[in-house]
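With the working numbering, the residue at position 80 of the sequence shown is 70, and numbering never jumps.
In case anyone wonders, no lab produced these hints; they're calculated from the structure. All of these numbers come straight from a predicted model, not from anything done at the bench. Any given hint could be a false lead.
Taking lysine-lysine pairs in the DSS-like style, the calculated list, with each CA pair at most 25 Å apart, reads [claimed, not checked]: (1) Lys127 to Lys5; (2) Lys136 to Lys31; (3) Lys5 to Lys109.
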Amino acid sequence: MPILRRLKEVLDREKISYELYNHPQAFTAQEIAASQHIPGKEMAKVVILKLDGAFAMAVVPASKMINFDRVRASLGTKEVSLATEDEFVRLFPDCEIGAMPPFGELFGLPVYVDPALEKDETIFFNAGNHQQTVRLKYADFKEIVKPQVVPLTREDRKRAA
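Please build the complete structure, drawing on both the sequences and the hints.
This is the structure we're talking about:
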């Protein structure tokens, strides 16, 4: 079953209001954010990590990058690395590579979310392909996915005045 249909089934079963947007093909979360006029901090990207050899989903704002030292400290893992596409492609047979939605239950993976995503009322993410994006309330996303919210990215530095 295509991932978008499975995702819709989960959202509909839980009676979650969501919007599905079509957009020109885009391969990075930043490109999608720009084409949809979405702030990069609201567009979530899924990064597949290997944590002590096990796969996990890290969900961070499109405008941020994973900080391996913070992941290690937050999760108490010894080894943290990016999984390669060759390593994780088999986990997402119904998705276009790089367009996985951040719903770990659909793939049997734990989900870790950076707290920066909690700062906004809504969250946008890929719908399993490079032409569609889903928008829903962050509170609904958190209720359904039940991610572990831990620091995964660099801290924002405040500039001195």
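- Hint by hint, which ones does this structure get wrong, listed from lowest number up? none
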